[in-house]
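Peer 1: Produce the entire structure from the sequences given, and follow the hints as far as they go.
Protein chains: 2
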Amino acid sequence: MRMYPVIMAGGSGTRFWPLSRQARPKQFLPLTSKNPLIVETQRRLGKLATSATTYVVCGARHAPQVKKHLPKIPKANVLVEPEARNTAPAIALAVAAVRQRDPQGLMVVLPSDQHVADTAGFQAALQKAAAVAQNGSIVTLGITPHRPETGYGYIRVGTTTDGATAVAAFVEKPSLEKAQAYLSEGGYLWNAGIFVFRADVMFDAFRTHMPELFAALEPIAQAWGTRKQAAAVSKHFKRMPSTSIDYGIAEKFARMAVVPGDFGWSDVGSFNALPEVRPVDTAGNVLDGPGAMAIDAKGCVIVARERPVAIVGMTDVVVVDAGDAILVIPKDKSQDVRKVIEALKAKKSLQPYL
Amino acid sequence: MRMYPVIMAGGSGTRFWPLSRQARPKQFLPLTSKNPLIVETQRRLGKLATSATTYVVCGARHAPQVKKHLPKIPKANVLVEPEARNTAPAIALAVAAVRQRDPQGLMVVLPSDQHVADTAGFQAALQKAAAVAQNGSIVTLGITPHRPETGYGYIRVGTTTDGATAVAAFVEKPSLEKAQAYLSEGGYLWNAGIFVFRADVMFDAFRTHMPELFAALEPIAQAWGTRKQAAAVSKHFKRMPSTSIDYGIAEKFARMAVVPGDFGWSDVGSFNALPEVRPVDTAGNVLDGPGAMAIDAKGCVIVARERPVAIVGMTDVVVVDAGDAILVIPKDKSQDVRKVIEALKAKKSLQPYL
Numbered sequence: 007m008r009m010y011p012v013i014m015a016g017g018s019g020t021r022f023w024p025l026s027r028q029a030r031p032k033q034f035l036p037l038t039s040k041n042p043l044i045v046e047t048q049r050r051l052g053k054l055a056t057s058a059t060t061y062v063v064c065g066a067r068h069a070p071q072v073k074k075h076l077p078k079i080p081k082a083n084v085l086v087e088p089e090a091r092n093t094a095p096a097i098a099l100a101v102a103a104v105r106q107r108d109p110q111g112l113m114v115v116l117p118s119d120q121h122v123a124d125t126a127g128f129q130a131a132l133q134k135a136a137a138v139a140q141n142g143s144i145v146t147l148g149i150t151p152h153r154p155e156t157g158y159g160y161i162r163v164g165t166t167t168d169g170a171t172a173v174a175a176f177v178e179k180p181s182l183e184k185a186q187a188y189l190s191e192g193g194y195l196w197n198a199g200i201f202v203f204r205a206d207v208m209f210d211a212f213r214t215h216m217p218e219l220f221a222a223l224e225p226i227a228q229a230w231g232t233r234k235q236a237a238a239v240s241k242h243f244k245r246m247p248s249t250s251i252d253y254g255i256a257e258k259f260a261r262m263a264v265v266p267g268d269f270g271w272s273d274v275g276s277f278n279a280l281p282e283v284r285p286v287d288t289a290g291n292v293l294d295g296p297g298a299m300a301i302d303a304k305g306c307v308i309v310a311r312e313r314p315v316a317i318v319g320m321t322d323v324v325v326v327d328a329g330d331a332i333l334v335i336p337k338d339k340s341q342d343v344r345k346v347i348e349a350l351k352a353k354k355s356l357q358p359y360l
Numbered sequence: 007m008r009m010y011p012v013i014m015a016g017g018s019g020t021r022f023w024p025l026s027r028q029a030r031p032k033q034f035l036p037l038t039s040k041n042p043l044i045v046e047t048q049r050r051l052g053k054l055a056t057s058a059t060t061y062v063v064c065g066a067r068h069a070p071q072v073k074k075h076l077p078k079i080p081k082a083n084v085l086v087e088p089e090a091r092n093t094a095p096a097i098a099l100a101v102a103a104v105r106q107r108d109p110q111g112l113m114v115v116l117p118s119d120q121h122v123a124d125t126a127g128f129q130a131a132l133q134k135a136a137a138v139a140q141n142g143s144i145v146t147l148g149i150t151p152h153r154p155e156t157g158y159g160y161i162r163v164g165t166t167t168d169g170a171t172a173v174a175a176f177v178e179k180p181s182l183e184k185a186q187a188y189l190s191e192g193g194y195l196w197n198a199g200i201f202v203f204r205a206d207v208m209f210d211a212f213r214t215h216m217p218e219l220f221a222a223l224e225p226i227a228q229a230w231g232t233r234k235q236a237a238a239v240s241k242h243f244k245r246m247p248s249t250s251i252d253y254g255i256a257e258k259f260a261r262m263a264v265v266p267g268d269f270g271w272s273d274v275g276s277f278n279a280l281p282e283v284r285p286v287d288t289a290g291n292v293l294d295g296p297g298a299m300a301i302d303a304k305g306c307v308i309v310a311r312e313r314p315v316a317i318v319g320m321t322d323v324v325v326v327d328a329g330d331a332i333l334v335i336p337k338d339k340s341q342d343v344r345k346v347i348e349a350l351k352a353k354k355s356l357q358p359y360l
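Residue numbers (my numbering), protein chains in the order written: chain U, 7 to 360; chain Y, 7 to 360.
Be a bit skeptical, because a hint or two may be false.
Which copy is meant is left open, so a pair is good if it fits within one copy or across any two.
SDA-like cross-link-like pairs, simulated, lysine to any residue; straight-line CA separation at most 20 angstroms [to be verified]:
hint: 1; residue 1: K351; residue 2: G319
hint: 2; residue 1: K339; residue 2: T156
hint: 3; residue 1: K304; residue 2: K339
hint: 4; residue 1: K337; residue 2: V283
hint: 5; residue 1: K337; residue 2: D322
hint: 6; residue 1: K353; residue 2: G295
hint: 7; residue 1: K339; residue 2: G305
hint: 8; residue 1: K304; residue 2: P336
No wet-lab data here; the hints were simulated from the structure. Since we're looking at a predicted model, the values are computed, not measured.
Peer 2: Here it is as structure tokens:
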């Protein structure tokens, strides 16, 4: 079964500052291995796809990095968004591209910045999802939760018919109390933002559920593969509403299906997630880089690739030396790194560090 | 009254790693102002002395830095210890030098790495000590304690006769319980390691109380100012016992006097002491350097002179970026920086950071 992976690399995440920057967002960082997340994302597909059928959607600023890190992907498959407009327009662009070469082509939309521990399990889930999607469903992978996570959206599982399990509902990021209830009740999965569908099915879904987007997508799709393609993208893309695929399509589409999976998935949402996805020492520290020195330290994350960074007598602290800037933050407050971004934005002399 | 200050710069302190190194010990660091501590130490003397009568004792490795930072001090006054042998031999060397030019010269021995907030108060105390020392006493400045410090030695104050207050006893660094008792009872002062005495008085004290040291000092003193001086120092200095002036002389000498002082003294013993001697922001943070960013932080010490160092949501933590190495440690565990030194010593690739 031929698959058309679409790696979504439009993110401008700031939650890994000072490693991540506007010019070098998270997907280009080697957070889980020696390779950038986006490289791991492509490798994870293994034999399910070839570079020739793999697409990447990204912003103009990051296209050179995509081409550098994924050199085997044809340049024409690197789809550049004229501006960042959330996931529905990004997917629409990929639908236009795939539909032109293979109208019923089976697309697999993947965020470029996630981690999966069990590649074989991931591939098996994708294959199952592909089989269901062949029949006209839009399929999402749902991750079996192992903790009452409040940082993810949830999927309530519906009934199973002909081997396909329906999505009963998408649920917003819950309170801790609700997350604990979801975990104990069962029947809830994490929404990983991974979707499998036929190009024509999504094209029609846009027509039905996002007519404003479709009005801009149609001329782009018509021009795709012709000399008018670039002009059409340039002219119409910005007319698309800045909406997520979840809100625009997944929550409305009648034949939403879910394939559960338990393959060591993480969205690597902040430094706090690194101990899930990296080796830890006997005291639970992540020591990333030859300079990381943990002395009487527990549960810390130390990124020290350039020079010695010594942590003494501390617990659950993140210390990141990015070369030209340094961050120290409690692990459970990792999200507050956005406050640094705000402080950098507020002071002109600090803006080069954004 | 002519004074001969002797600035003791033989220290190899490691408690300010990564700012301090074997090649750049604490006295050469600008910890309390823009000037190195040793420069502040000389300036603090004001009109009590001239550069021509000021001496520095240091190791060979640090003599070039002494000459660089204190260029007005004659080169002949920079006394180089052939090896580090604690304070009694260092002072003996200075006694040989001063005695040769002014046998009853009034010497003021000062550690090179302390801080004083009230310079006028300090000078007044020194002048009082000088008057007492003229009569043949060895005088130490005793600092009025304002907290039950366990990191300093104490002086128990004795009786006062003819304007001179005797030292009843020198007391070792106490337990917290004892330190609290000293503070509430009164009659105890901190031992600052500052001594005032006539050159001939200390020379005789060495003869009486440290005969082994004196046996090495005598030929050095005889050769001082002749062409044999360097050879004598080289031959005999290493024969002196490695003993502190406190243990070797002060605890034994009959006419030990003390002049109390309350002039904002600190020995700047570790990063923990920096909030005493530096400006702090409204949240009690010491922000040293243009890169220091404290966000939701309280009581922290941030040294960031080269690049942004952002601390978010932390309390009472020390973060020091020394350019080529970084330290993160709780303020109240600052002494444990020695564990980093041990770790650096244990690994050959890290020894350049010592």
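Peer 1: Against the structure, test the hints numbered earlier, and report the numbers of the ones violated in rising order.
Peer 2: Every hint satisfied by this model.
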